Structure formats: structure tokens, C-alpha cells
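Protein chains in written order, with the working numbering: chain A, 7 to 433; chain B, 12 to 284.
Please keep in mind that the hints were generated in silico from the structure rather than gathered at the bench. Note that the coordinates shown come from a computational prediction; the quantities given were computed from them, not determined experimentally. Be careful, since some hints might not be right.
Claimed, not checked - Subject to a maximum C-alpha distance of 20 Å in a straight line, what follows is the list of computed SDA-like cross-link-like pairs (lysine to any residue):
1. B:Lys269 / A:His246
2. A:Lys157 / B:Lys73
3. B:Lys269 / A:Glu392
4. B:Lys269 / A:Asp373
5. B:Lys73 / A:Ser413
6. B:Lys269 / A:Ser388
7. A:Lys157 / B:Leu283
8. A:Lys219 / B:Ser217
9. A:Lys157 / B:Ser217
10. A:Lys12 / B:Lys73
11. A:Lys157 / A:Arg195
12. B:Lys269 / A:Asp387
13. A:Lys219 / B:Arg278
14. A:Lys157 / B:Ala284
15. A:Lys219 / B:Lys73
16. A:Lys219 / B:Gln281
17. B:Lys269 / A:Glu389
18. A:Lys12 / A:Lys219
19. A:Lys157 / B:Ser276
20. B:Lys269 / A:Glu105
21. A:Lys157 / A:Ser243
22. A:Lys14 / B:Ser217
23. A:Lys219 / B:Arg277
24. B:Lys73 / A:Lys14
25. A:Lys72 / B:Ser276
26. A:Lys219 / B:Lys269
27. B:Lys269 / A:Lys157
As the list claims (entries may be wrong) - One side of the interface only, derived from the structure: several residues of chain B facing chain A at Cβ under 10 Å:
28. Arg46
29. Leu132
30. Ser136
31. His261
32. Leu283
What the hints assert, rightly or not - DEER-style ranges, computed between Cβ atoms:
33. B:Leu258 / A:Asp75: 25 to 35 Å
34. B:Phe44 / A:Gly386: 47 to 57 Å
35. A:Leu244 / B:Leu262: 53 to 63 Å
36. B:Val114 / A:Leu57: 57 to 67 Å
Backbone N, C-alpha and C define an ideal beta-carbon position, used for all residues, glycine too.
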Amino acid sequence: MMGHTKIKRGLQFSNEGAPVENLVHEECCVSTAALLGADCPGLRPALTVALGDRVTAGQIVFTDRKYPDIAFATPLSGRVASIDYGPRRTLSAFVIEAEKSESDEVADVLSKTASIDETSNEGVRQTLLKRGLWPAFQTRPFGGIPAPDAKPSAIFVNATQISPRAPAPWVVLERRKTEFQQGVELLTRLTDGPVYVCQAPEDTLCTFSGRVKGAFFSGTRAAGLSGTHIDRLHPASLDHQVWSIGYQDVAAIGHLFQTGQYLADRLISIAGPRAIKPKLVRTCLGGGIRDICREEFASQSGGSTTRILSGDALTGRDAAYIGRYHQQITIMDRPSDKGIWRWLSGPSAAQGVIVPTGALEQALAVDVLPVPLMRALSVGDSEAAERLGCLALVEEDVAALTELCTSGADYGALLRHVLDDLAGDIV
Amino acid sequence: MILRPGFIPRMSVGGISVLQIAALLLPIVIVVFERGDAQARLLAVALLTAIFWDLIFAILRKRTFYFHGMSTALIVAVLVPPALPLWQLALTLSLGCVIGEHVFGGRGFGFLSPAAICLSLLLLSFPQVQLEPMTQNVALATVPGALLLLISGLVSWRVILGAFVMIIGLALPSNLEVDVLSLGIATLFGLVFLTGDPVSAASTNSGRWLYGLLAGLLISIFSPESTAISSASLVFGSLTASVFAPLIDHLIVLAKAKSRSERSSRRRRQSLA
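If we strip away everything but chain A, and leave its shape as in the complex, we get (with noise of 0.2 Å):
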């Protein structure tokens, strides 16, 4: 078992409208859900399903076109309304709409979908690309959704409560430890090396023997990042690629392979400083953000000001549907961009200028220099930028920098230009 770490650098919590009570509110039906190409960007859908066909909830409705062995599966029972592409026939969304299916319709999908094979490790593997779970992965170095024969050299689970605006793990987990044990006991099946669950200190989620060790991370913000807790125990490289997994996902292959169901279910929190009413909620994968936020959207009076966001305030997205790898809805004030405190705080078009202060310093969580890492990325010298350690980082692990950086460049953006002509050259 490892120690505690205590994470002294990052961005500060800010914990305004967070959900006060530990207790799901309601079980949230959603009348539309949708996977979304912004969660695995330049992903390009080989269909299974066409335009308004019935799905049922755990059916397979594409295969990524560069790795056909992965595939995705619909959250939600219904009708297909919508397909949308982005540039180059990439997937933008792809949205299906709730509709009751006859029961024996649901038998047939079923007895066609893939088989559940606990028996080898590569049935394991197979078992989670077919029935639509591999998504649930990211790797590192680069991102983004690991190949379907990569082997990590180490998983880590983050069972930790990103924000104190996320639900807190051991609330989600209450009623599904036994699943979340089974998960991460087949997580060590893909893998010869660790699988870390890490998670809050005062937290026991699972019990540890062999290869699944815990792992205790607490302080700032920078403590819920994976990024955070690779670099610490299992840094990434071009010649060791780890990966990491979000809890619910992990429930999710437990409960896969106890009951041959897919589990859509997630559980998620509407919070932020414009929250009327902060809570937890049930809903499924990539519900529809008017669903979810009916009673919101209901009292909302000047609804040009807030912004409704699908993840935290720093890495999230203005979004129709909740995303892949969020947990949290934030509801927050729309920034002014008037007067005198925009001319002190906003960054202006013209500047961009990187003025190194002390707060940039302190930023990073990850064993980085922070100013020569922004201005290696601002200036796209990818050479730099990998000297200094950027494939141990993803959008989400220099969000701080954004934030707190004079220039008004998204490092989010710049890192992943850099990563991604890093991969290319790779290939």
C-alpha cells in the first residue's frame, strides 16, 4: 500500500455551489442522448446502426474506421434521430432518442451482441472492445482512446473526487462496491504492471493485494488530475504507455462482467455559483444537458448571463450533452467582457504576451517547468516541449495555465497541436 501524498501545487478549489448533501436527489430520465466526437476527437464512425433504426441501451452502433475492434455503444434505448460529421466525416454527434422497445426485440439485440469472456486475459480484452467499454480508457503519452492491442505498463483508476462540485466517489460507489472490485481486479488482466486505484485519503473503496495498489492523493485541485497521479507514481513514456479510468467506468466492467449488462448509469452533480438548487442525480452517458437540468433551466431568469458547462469550470465545455469523461454540470456567471475589470483581468486580443510570475510557478502539479513549457507550446517548437516533459500531459493537466497566464492562450489547445504532430511523427 502507498502512502499519502499531499498535492501542494495547482489551482486552488473553489467549492461555491457544491452540492451540500451526499444523497442522490432523483433518478433523472433523459428523452435524448448522444456520443460525442468532442470526447474522442478525430474519431471517424464505421456505422452499424442507419439513421432510424431502434437501438437498445448496450447495442454496439459504431466501430472506430482506424482501429475496427473498438467499438461504441448507445447509453440509451431508442431510435437513432440523429448523425452528425464534422470535418473530414469525424463524428460530432450521434444522438438517440428514448422510445420504449418491445421486449423481445431486446432479447434478440442481446443474443447477437458479443459473448462474456473472463477465462483469458485476451478475452478480457476482447470482451470490454466489443461490448463497448474501451472508450472508457485514456492513454498516455497523447490522449485520447488507447489501440486495442496497446499493453500499458500501468492503469490507474481515479476514484478521486475531482472537485468538491463532483459527486464524492464513495456515495457513487455505495451501492456497486462489489462491482467496482470485480473491475478493477480485471483491470490487472490487461496489464503486467500496477493497477493504482487512487483515491482521498479517508476513503476504502476496495481492498489491495497483488497488483492493485492504492494509491491516497489530497489537497489542491491538481490532486483529482490523472496526470497528477502518473507523474507521481508511474511517470508515462514513449516505451511506457499508461492508462487511466474514471470510477464509474470501473463499476461499469464489473457489472459487465456480473451481470453480461451494459451499465449507461452514471452518477453526476449540477453545481457551480448560479446552481438554484446544487445535487447529485442519476443519469445516463451523455444524457441531454435540458433533461438533467429541467428545474434549472425552469428557474433561470436572465439566461443570457450564466453558462451552463458539461464538466468543471476550468476544463469545461459548453455542451448540449453531458460529456464521455464528465461528472459535473456547472452553472456559472457568463465572464463580463466590459469596463475596467475586463481591461485589468481579460486578457485583449492584442496582448498574448507570457509575463512569468510567481502564481505560474506554482501552477503545475507535474515535475514541469511551467514558463518554458508555455512558451515552447505558444510558439508550436514540439522539440522543446517534449524535452520538457509534455507527454506526460493532457488538456485537462494545463488548464491551470490558461487560467492563470497573462496571455489569454489556451494551453489546452496549444499542447494538443504539439502532442499531436509529436504522434504524427511517431507513426
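Got chain A sorted already, so can you dock chain B onto it with the hints?
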């Protein structure tokens, strides 16, 4: 001494200039009070000159007007002697603002402090000019501003401490009973506003130590006596050190890359064990 991020909201370059100007207000008031009308005239000319160039470049580049030049003007106005002819100040400050800042694209894009450039041009072009030594009152008036800049992370304590330790260390051989207080009075303003300028100083924490030590060494070397630091040596020492700041950062980055990969493989070995 740096507040945790999160306390400090996102700042623009404009916000940083406002903080720097706020930190300079007390010293300039004391200086004008001590040296009288002549210094007030110099201050007015310095401010007008700096704002004039900010305005010209804002119009030429079609950018929002920011009065970043004000902080440069205030630093210069604190250090110049009251007897300085106004045209000499206007000329060298113009050169300092344009060469040190605007040709690079504005505040923050250059790599030298415009105030240090202006003052060194003044000292080189007009050899009879002697910069004012810092008095106890000016040093005292610098303290609140220095604290403000330290707390907001616009000056690194590593730079100030590194430079001051080096200055004291070099003064020791010539006089074993070093008057730390008088050395502090003589150097505080220059260390905070010339050496400590975040844009021209090194930008990594270990680099800041090296940069501070180097600045202290150069300031000591340029002084007529290592026990009495002159304002001119502060200017030349800071300017020369900031030329080396990018090199220092580069060396730190190379050293870090090496230690990083060693650390990574060590951690992986521990993790697999």
C-alpha cells in the same frame, strides 16, 4: 512568500502594470518631497515622454492603449538627479522605451528592463551625470511596494535574496564588519525594480537563484567599492545580468530534462517492484 494561485485572479498585462505603478507610488512621493520642485518637473517630463510613446505605438499598431510606460517613467524618475537637464531625460527615456520595449512589440515581449536601458544610456551618453544614491526614507518607502510585488508574484524573492547575499558575501573580504543595513538601503529599490523585473529576470525557480547571484556579482564588480554600492552599478549590473537570463533558463531546462528522465525511470522501477 508567494501566495497560492487561486488567490490571484487572472491578470492581464494591464493589471500587472497597475500593480507595479502602485508599488512605485510611495517611493516617488518621498523622492519628490525630499528633492523638491526640480524632481517634480523631471517626473512630469518622464511621465509625458513615456505616455507619448505608448500612445504613438498604440496608434501605429492599432492596439488598445495601455500606460505600461508609466512604471518605467517612475523608476527612472526615482533614480535621476534633480539637476538633470529635462531634454537629456526626455531623450534617453524615449530611447529606453522604444528600444527596450516597443520595438519588441510592447510590455513583456522584450528581454531587458526598459528602465535599465534608459538609465544606462543616460550614464553612457552623459558621463557627468551621477544617479542619486538611495536614502533611508526611499528604502523604507520601497518596502510596502516590494511586499505587494512579492505577494502577487511579480518579483521573485529568490532573485532579491540571491543578489543581496552575493553583494554581502563580496563585501566581506574588504571589510569584516559589513554594514548590512546601509547596503540594504542602497540596493533595495534597485534590486526590486531593476533586477527583479519579472520580464527580464530568469523564468525558472532554479534559474532565478543563479540570475540573482549573477546580478549580485556584477553589481559588486561594477561598484567603485564593494562595501558601498552605487545606483549606477545597480543599473549596469541588472542590465548585464538580464542579458544572461535566457542562457541561464536554457541551461536549467537542459539540466531538468536530464534529471526528469532519470527520475521517471527511477519511479517506474519503484512502481514495478
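Check the hint pairing lysine 219 of chain A with glutamine 281 of chain B against an upper bound of 20 Å on the C-alpha distance. It holds: about 13 Å lies between the C-alpha atoms, which stays within 20 Å.
Need the status of pair lysine 269 of chain B, histidine 246 of chain A: alpha-carbon distance at most 20 Å? 17 Å, holds
Just to be careful, I want the Cα atoms of lysine 219 of chain A and lysine 73 of chain B compared with a cutoff of 20 Å; is the pair within it? 58 Å, violated
Hinted pair, alpha-carbon criterion (20 Å max): lysine 14 of chain A, serine 217 of chain B. Please report holds or violated. 19 Å, holds
Holds or violated: lysine 157 of chain A to arginine 195 of chain A, with C-alpha atoms at most 20 Å apart: 10 Å, holds
Hey, lysine 269 of chain B versus aspartate 387 of chain A, does the alpha-carbon distance stay inside 20 Å? Roughly 19 Å between the alpha carbons, so the hint for lysine 269 of chain B and aspartate 387 of chain A holds.
Pair hint outcome, lysine 73 of chain B versus lysine 14 of chain A [Cα-Cα no greater than 20 Å]: 42 Å, violated
Checking one constraint from the list: CA of lysine 219 of chain A to CA of arginine 277 of chain B, max 20 Å. Satisfied? Holds, at roughly 18 Å.
Assess, step by step, whether the Cα of lysine 72 of chain A is no farther than 20 Å from the Cα of serine 276 of chain B, and give holds or violated. 32 Å, violated
Proposed proximity, glutamate 389 of chain A with lysine 269 of chain B (alpha carbon, max 20 Å): With a Cα-Cα distance of about 15 Å, the restraint between lysine 269 of chain B and glutamate 389 of chain A holds, given a limit of 20 Å.
Are lysine 157 of chain A and serine 243 of chain A close enough, with their CA atoms no more than 20 Å apart? 13 Å, holds
Looking only at beta-carbon atoms, does the pair leucine 258 of chain B, aspartate 75 of chain A fall within the given range of 25 to 35 Å? 50 Å, violated
Going down the numbered hints, you'll see the structure goes against 2, 8, 9, 10, 15, 20, 24, 25, 26, 27, 28, 29, 30, 33, 35, while the others check out.
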